[in-house]
Amino acid sequence: MERDPGQSAAPDEHAELEALRARVTQLEEDRAPARHGLRLRSFFAVLLILVAAVLTPLSIVSSWASDVAGDTDRYVAMMEPLAADPDVQAAVTDRVTHAVMTHLDIDALLADVAPDDRPVVDKALGKLSGPLTTGVTNFVHGTVEKFVTSDAFERVWSDLNRQAHASVVKALTGEGGGAVKLTDDTVTLDLAPVIDRVKQRLVDRGLTVAEKIPEIHTDFTVLTSDSVGKAKQGFRALELLGFWLPVVTLVVAVGGVLLAVRRRRALVTAALAVAAGAALLGLGLWAGRAFYLDSLPSDVSQPAAGAVFDGLAGYLRAGVRLVVTVGAVVALAAWLTGTGRAATRVMAMWSGGIGAVRDAAGFTGGPVGRWVHRARRPLNWTVVVVAVAVLVAWDRPTGLVTVWIALCALFALAVVEFLDDDSTPHLAAPGSGRAMGGS
Numbered sequence: 000m001e002r003d004p005g006q007s008a009a010p011d012e013h014a015e016l017e018a019l020r021a022r023v024t025q026l027e028e029d030r031a032p033a034r035h036g037l038r039l040r041s042f043f044a045v046l047l048i049l050v051a052a053v054l055t056p057l058s059i060v061s062s063w064a065s066d067v068a069g070d071t072d073r074y075v076a077m078m079e080p081l082a083a084d085p086d087v088q089a090a091v092t093d094r095v096t097h098a099v100m101t102h103l104d105i106d107a108l109l110a111d112v113a114p115d116d117r118p119v120v121d122k123a124l125g126k127l128s129g130p131l132t133t134g135v136t137n138f139v140h141g142t143v144e145k146f147v148t149s150d151a152f153e154r155v156w157s158d159l160n161r162q163a164h165a166s167v168v169k170a171l172t173g174e175g176g177g178a179v180k181l182t183d184d185t186v187t188l189d190l191a192p193v194i195d196r197v198k199q200r201l202v203d204r205g206l207t208v209a210e211k212i213p214e215i216h217t218d219f220t221v222l223t224s225d226s227v228g229k230a231k232q233g234f235r236a237l238e239l240l241g242f243w244l245p246v247v248t249l250v251v252a253v254g255g256v257l258l259a260v261r262r263r264r265a266l267v268t269a270a271l272a273v274a275a276g277a278a279l280l281g282l283g284l285w286a287g288r289a290f291y292l293d294s295l296p297s298d299v300s301q302p303a304a305g306a307v308f309d310g311l312a313g314y315l316r317a318g319v320r321l322v323v324t325v326g327a328v329v330a331l332a333a334w335l336t337g338t339g340r341a342a343t344r345v346m347a348m349w350s351g352g353i354g355a356v357r358d359a360a361g362f363t364g365g366p367v368g369r370w371v372h373r374a375r376r377p378l379n380w381t382v383v384v385v386a387v388a389v390l391v392a393w394d395r396p397t398g399l400v401t402v403w404i405a406l407c408a409l410f411a412l413a414v415v416e417f418l419d420d421d422s423t424p425h426l427a428a429p430g431s432g433r434a435m436g437g438s
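Just so it is clear: in the sequence shown, position 347 is 346 by numbering that gives the first Met the number 0, and no numbers are missing.
One or more of the hints may lead you astray.
[Unchecked claim] Taking lysine to aspartate or glutamate and the EDC-like style, the derived pairs with C-alpha atoms no more than 20 angstroms apart in a straight line are:
id, residue 1, residue 2
1, Lys145, Asp66
2, Lys145, Asp72
3, Lys145, Glu79
4, Lys145, Asp86
5, Lys145, Asp70
6, Lys145, Asp203
7, Lys211, Asp195
8, Lys145, Asp195
Treat the hints as calculated values from the structure; they're not laboratory data. Note that the coordinates shown come from a computational prediction; the quantities given were computed from them, not determined experimentally.
Make the full structure from the sequences, and use the hints.
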């Protein structure tokens, strides 16, 4: 009796199937640790990128805190432009005028005028219209306004802010002593030097009774520390970190990118995350400005206080613009150099457009074109690095400066693309008679 072939084949097939299943199981077990390791790497990469995003606004603030608290010249440079600010000038003018008029007893001072000086005083006051007190007030106000809008006031303003730097440091950090002038948690500038100059100008303009005015000390509020009192300890810590916190932030971001499985995608994510962290600081400054102005006493000029806040926060805003711009540029560059469909299409449009211009101009690169073709990638990255370096080195870059740097970088990249010619024959347009293989 012959044996059915199917009877022996069935057990063999079953054994092979079991062996295959065992093999698959073994492979999955071998790959499990590798997959677990990749997931662990991805987790820590994301964690580091998030930490870098959180540290970014703190890094900008720490750099600013170090400059404000540790560098008097930097602080004075921040405050100098305020001498020409119309709101600050108006506030100082009103403050000095009020202080002078408070100590200017018109009737008593006129009674003490010497007979020889009376004609000069009458001539000065005779030009005034309306009640005598109102006329004198307007006269004093005009004199103060002329001084405050002069170059002499700018010099006095710089000297006052240099002297007040220690007060600002104490208001923000709680540190300092000695001659620090900090009253009721408020940093003020003593306008006595301004009043002395104004008194002399009043005398020069014929109001000799101004010589009788005693020494006057009146304050101009620069900073109310009560609004930032809760943040003193944090500000002090950021001041001590200074230069190092931005370095740590950069190292953490780079570590997250290097640890990631897909590094290009991680670079895009890290750049955008850091830019988002800086943008949040910008929003915080906008909201903090409104909160700070609302908390000021009623006798403080809000427009002038806003100008002072903007002067102090100018460095922070420049840092926000810088980090957001650099983050966007790095993310865009990393995305465009990737292999994604959209990025490839954009680069093809870029190369095709510039290539069409090159071909229409009949340009042949020759040896230079072949060299640029070989060095194209490092040349492109060099342009990006140089643009970022210029932006970082620029002191407080404005939005217009940032746009110009970006346009110059795009122009340099276009030049590299234009010169990129490896002398490979191109397919001619249909009907031109230069098609590959045609005569």
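So, going through the hints one by one against the coordinates:
1. Lys145 <-> Asp66: Not satisfied, since the Cα-Cα distance of roughly 33 angstroms exceeds 20 angstroms.
2. Lys145 <-> Asp72: Violated, because 27 angstroms separates the two Cα atoms, which is more than 20 angstroms.
3. Lys145 <-> Glu79: holds (18 angstroms)
4. Lys145 <-> Asp86: holds (15 angstroms)
5. Lys145 <-> Asp70: Given that 20 angstroms is the threshold and the Cα spacing comes to 32 angstroms, the pair is violated.
6. Lys145 <-> Asp203: holds (13 angstroms)
7. Lys211 <-> Asp195: holds (12 angstroms)
8. Lys145 <-> Asp195: Holds, because 14 angstroms separates the two Cα atoms, which is no more than 20 angstroms.
When held up to the earlier numbered hints, the structure conflicts with 1, 2 and 5 and fits the remainder.
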